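Protein sequences, first through last, are from chains C and E. When the letters of the first sequence are read in order and numbered with my numbering, they come out as residues 1 to 328. When the letters of the second sequence are read in order and numbered with my numbering, they come out as residues 1001 to 1119.
Please keep in mind that the hints were generated in silico from the structure rather than gathered at the bench. Some clues are possibly wrong.
[Claimed, not checked] The list that follows gives simulated cross-link-like pairs (lysine-lysine, BS3-like), each with its CA atoms no further than 27 Å apart:
1. E/1113 x C/109
2. C/15 x E/1113
3. C/15 x C/220
4. C/109 x E/1111
5. C/102 x E/1074
6. E/1084 x C/102
7. C/14 x C/198
8. E/1074 x C/91
9. C/91 x E/1080
10. C/91 x E/1084
11. E/1080 x C/109
12. C/102 x C/91
13. E/1084 x C/109
14. C/109 x E/1074
15. C/14 x E/1113
16. E/1111 x C/14
As the structure is a computational prediction, the values presented were derived from the model and not from experiment.
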Amino acid sequence: MNQAEELTVLTLEKKPDFVETPYIHGITGKALDYIRAGYPVHFSGPAGTGKTALAMHVAAQLGRQVILIHGDDEFGSSDLIGGQTGYRSTKVIDNYIHSVLKQEESVSKQWVDNRLTTACKYGFTLIYDEFTRSRPEANNVLLSILEERLLELPDVRLGDGYLQVHPEFSAIFTSNPEEYAGVHKTQDALMDRMITVKLGHHDFETEVAITQAKSGLDWKQAKAIVDIVREFRALGVNNARPTIRACIMLGRIVAGRGGIVSAIDPAFRELCHDVLNADCVKVTHEGQALGLERLDEIMMRCCPPQSPPVRVVSTTDGPASPALQRVK
Amino acid sequence: MIAGESIMSKDKRSVQHIKTLSGLLDQRRSRTSSGALLEMSMLEMEKQRLVLEVQRAERRAGEIRARLLEINTKSLRLQKFVEKVSAPPSLSPTTLVPGTPLTVHTMPANKMKSRQLTY
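My request is simple: use the sequences and hints to build the entire structure.
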């Protein structure tokens, strides 16, 4: 029973502010090579490293329609492959001869394909975002799909019970490290079937280019913001936060209110205190948290008061970053 | 019957409405010990009758529940039969026949909804 018409497929299109630096090009090219060789790709890394955006970018390059699934603890196999969601009833009443009444009634269960089945059947590109947030047993169905290219469906489904995975089907996975809240361990058998690309934070020029593109600030202002965030991130033992999202937040807010990127501007200092969330850096001295003090020091270094404060003009057609110029 | 009263408006008559001599009681009999003993005996007999009636009803309810279970089981079996009726006849395990390759589906372009997503 095919109910695929009730599903929606996606066509991915990159936004004008999507940044392609050599770093992004490198990862994208690598992932495309793996996928074209027939292997699923798994982007793994901390929050804010651009896994989902990269997965979408790679999927867009493949030129096929995309099915998007987000991992969830409540998922079972039927949420991926489909299930019985109703009954189909047919009734035939034959009263051709007026004195004879013949009735036939049959009731059969209604099978509805879910997104994974549809992707396998028609060769779409599957993006399974945060797949480790689903319980491992829910993902068992992926084992035969990725290795034998065969999807096994329950007996109750009408038809063969086996579905040959379309030759054009490809899969891209993303996940956070296991120590993140709400993340499950993954079975080795599944990890063994995919190529895991470990992602860290973007390189400096990519972060500046992204901040500039998403906020509309000029390159110098974007660089100052990225300098602050990167130096603050390097403090302490947890170097995962703040991420590029903090750079974009700072850039957009400064540009939105026409502020200045300067350590002597109280509004900018306050904004940095709020956005960078000094508590995420556990720097203490004799029991006293030093996150804010260190942040102020960093701000004084990255955008010192002697440099004249620049009034920010929000524009998207300002001078391009060196990284962007290189790509163009 | 009172004049003008409809027949249909009367309560339905049943066995309980038939009056017999046994229904004629002397209201004074419980005032004497022999009368009280007689009434006790009647009450005891009525109680026994009612207890038996309750037991019969419980037994019948048990039978009905068992039958409902049987019906559910049989319905499931028939359901599976209906679903598998289109399947080809099974071969013996030793018979090995060359299989046909599994179908590779093509996308029904007119039935699939496509939406654009920017990233």
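Pairwise hint evaluation, residue 109 of chain C against residue 1080 of chain E, where the allowed Cα distance is 27 Å at most: holds (10 Å)
Please work out if residue 91 of chain C and residue 1084 of chain E have their alpha carbons no farther apart than 27 Å. Satisfied, since the Cα-Cα distance of roughly 19 Å is no more than 27 Å.
Holds or violated: residue 15 of chain C to residue 220 of chain C, with C-alpha atoms at most 27 Å apart: holds (23 Å)
Taken at face value, is the distance from the CA of residue 1111 of chain E to the CA of residue 109 of chain C at most 27 Å? Holds. Residue 109 of chain C to residue 1111 of chain E sits at ~22 Å (cutoff 27 Å).
Proposed proximity, residue 102 of chain C with residue 1084 of chain E (alpha carbon, max 27 Å): holds (24 Å)
Distance restraint between residue 1111 of chain E and residue 14 of chain C, which requires alpha-carbon spacing of 27 Å or less: Status holds; Cα separation ~26 Å.
When you check the alpha-carbon spacing of residue 91 of chain C and residue 1080 of chain E, does it fall within 27 Å? holds (18 Å)
Mind checking the alpha carbons of residue 102 of chain C and residue 1074 of chain E for me, to see if they're no more than 27 Å apart? holds (23 Å)
What's the verdict on residue 14 of chain C and residue 1113 of chain E, does the C-alpha distance respect the 27 Å limit or exceed it? holds (20 Å)
Take the C-alpha atoms of residue 109 of chain C and residue 1074 of chain E, compute the straight-line distance between them, and say whether it is at most 27 Å. Holds, at about 16 Å.
When you check the alpha-carbon spacing of residue 14 of chain C and residue 198 of chain C, does it fall within 27 Å? holds (23 Å)
Given the hint that residue 102 of chain C pairs with residue 91 of chain C, test it: the Cα-Cα distance must not exceed 27 Å. Holds, at about 11 Å.
Of the numbered hints listed earlier, not one is contradicted by the structure.
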